[in-house]
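Visitor: Protein sequences, first through last, are from chains A and B. Quick note: our numbering has the first sequence finishing at residue 356, numbered continuously throughout. Quick note: our numbering has the second sequence finishing at residue 356, numbered continuously throughout.
Because the hints were derived from the structure by calculation, they are not lab data. Check each hint, because a few of them may be wrong.
Where chains are identical, the list cannot tell them apart; a pair therefore holds if satisfied intra-copy or between any two copies.
Claimed, not checked - Okay, derived cross-link-like pairs now, DSS-like style, lysine-lysine, Cα gap no bigger than 30 Å in a straight line:
#1 K48 - K162
#2 K162 - K5
#3 K101 - K119
#4 K285 - K101
#5 K5 - K285
#6 K285 - K48
#7 K101 - K5
#8 K162 - K101
#9 K119 - K48
Below, each chain spelled out in residue letters.
Number of protein chains: 2
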Amino acid sequence: MSDLKNDRFLRALLRQPVDRTPVWMMRQAGRYLPEYRATRAQAGDFMKLMMSPQLACEVTLQPLDRYPLDAAILFSDILTIPDAMGLGLYFETGEGPRFAKTVRSQADVDALPIPEPEKDLGYVMDAVRTIRRELNGRVPLIGFAGSPWTLATYMVEGGSSKDFRAAKTLMVTQPAVLHALLGKLAQSVTSYLNAQILAGAQAVQIFDSWGGALSHSAYQEFSLAYMQQIVNGLIREHDGRRVPVILFTKGGGQWLEAMANTGADALGLDWTSDLGLARQRVGSKVALQGNMDPSMLFAPPARIREEVARILSSYGQGSGHVFNLGHGIDQHVDPAHAGAFIEAVVELSGAYHAAL
Amino acid sequence: MSDLKNDRFLRALLRQPVDRTPVWMMRQAGRYLPEYRATRAQAGDFMKLMMSPQLACEVTLQPLDRYPLDAAILFSDILTIPDAMGLGLYFETGEGPRFAKTVRSQADVDALPIPEPEKDLGYVMDAVRTIRRELNGRVPLIGFAGSPWTLATYMVEGGSSKDFRAAKTLMVTQPAVLHALLGKLAQSVTSYLNAQILAGAQAVQIFDSWGGALSHSAYQEFSLAYMQQIVNGLIREHDGRRVPVILFTKGGGQWLEAMANTGADALGLDWTSDLGLARQRVGSKVALQGNMDPSMLFAPPARIREEVARILSSYGQGSGHVFNLGHGIDQHVDPAHAGAFIEAVVELSGAYHAAL
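Work out the full structure, taking the sequences as your base and the hints as a guide.
Guide: If you want it as structure tokens, here you go:
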């Protein structure tokens, strides 16, 4: 593997000095880009795009050709694991993900295999290897997976949900069944992320998209505990470099201290948290990633720049901040506005690292 | 007006000693009750039910006839105000509320009248008077309104929204227009709640259902600032009694200190906050209301009781807690489970007020 030409992102995650704040965007390879829509049309549908290492590589690199981003993120989906467990993932137009089967009993959980990544999710590992080769050391590649709780919600509900009624009913009526499912998922996610790391992912992020739907105590028991198991089981050093782990619980702003205690290197923040207060709360335990409201990209470029300045100033001096949106970029954003956002970070953040 | 036979709810909101923790449920007059469904069927639809003072009174009292609740809440909807401003509220089956018109420009805002409550929302005031008469002092009656930001989201979007794209686009492209709208709404909500108080509401709650969708700084500027205006303008004493004000921002658990500084008497908490930690954070500034996950009502009664015990113990000794769910009761809940919840609060909470 070639040397890394830009390691700003990895350094910031480890709170090592950097010349400016690194920046990337969740869902940066996505529908707001016309070139993405073209590749997706060529693939036929989302599943085919995601399952083709060559096309997944192509869309992963697209935003890097447009913007001075400091990281690439594997183009994939968090639901690859339940699909590899045999649930039959499919997408209905305008309806989001669906599963052919649901998991609602101990027998359902017992029947689930733990996927072998290179065998059952080979297309993901091939995508990681292809992207690393094509990146040729420009920026690091981020691998990712969904959190066990987040994956479980889709598996129990059979798809997306507004209130997680089925998953929460399982939680309060048959907690042992849910724990068994989460245990299997923690094991699956751990080996999946480790395989991504061995294939070339230089940092990994765990997306706990639905942890914020839980009560304070249920979050600890049904989401964080299993992310902790994953953190404990991950390869933390590969190819002579630390592989940072980022935990992102959307809606988890009240639980940052507990998240920081897992031993993760960094926490992702959604836009509801004040970055400066969050930094005070977690101290030097973790780096922070985030957290502009993605809706701010609908603003005129001057307003976007103002918001970037505000967030940089809220974090303050020194390393340990990776600039990002607080959630994925919206498909209706004008790519020029995404450019203005990234440019503002590049231009304005150097002042916060003056001591280097 | 007759003397109040049970003032436990009002006393707890003012952190005055009580014999046990008072309890009520958000949306306690609702679809989970067969008697509610019968009255609604009789009315024809939700709008007719809400606009009939007699039927609104009937459904308001239904849960009190089943359960030993410590408060009644006016049966109504937060969208009465935009409807009275001429937007044309209607409900599509399974689709939630919709407006015939939207508000997206300064001209749209300028055209909005400030409703005169007794004239333009007379059906609500008549419902309050009817309910007070029929309650005959059993328990206090809670009046309510939506927060300006929450109402604005519906008015700008034209109905419910998942991501508030139109409302947030207005916020970041034409903030002055949104501020003008919020200012009119704050004025309208203030006079609406004051009219409810004069008609007989003995406490009022402001529902900021969508404040949690805002960034930390946008929350202060676009939601809390206008709730502050309302709190400043409310009648705080009527008929020789303090009229407590409860602020409830769903998803606002990170902002409790700021909310407590408004001068409200109490804060509603959703289930993501730990009640004990919240109490430490707000100190003696406000009482706290909440916060069991409504999904817990899908659990067997023994599990519900355990959760009630956990939450009571988290708050600890002394007054200042009103037990409630962290959000409205789900329509699929078995009424017997709601009964088990209320019974558990009644039976277990006395121990936390032993010093009386």
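Visitor: What hints, given by number in increasing order, does this structure fail?
Guide: 2, 4, 6 and 7
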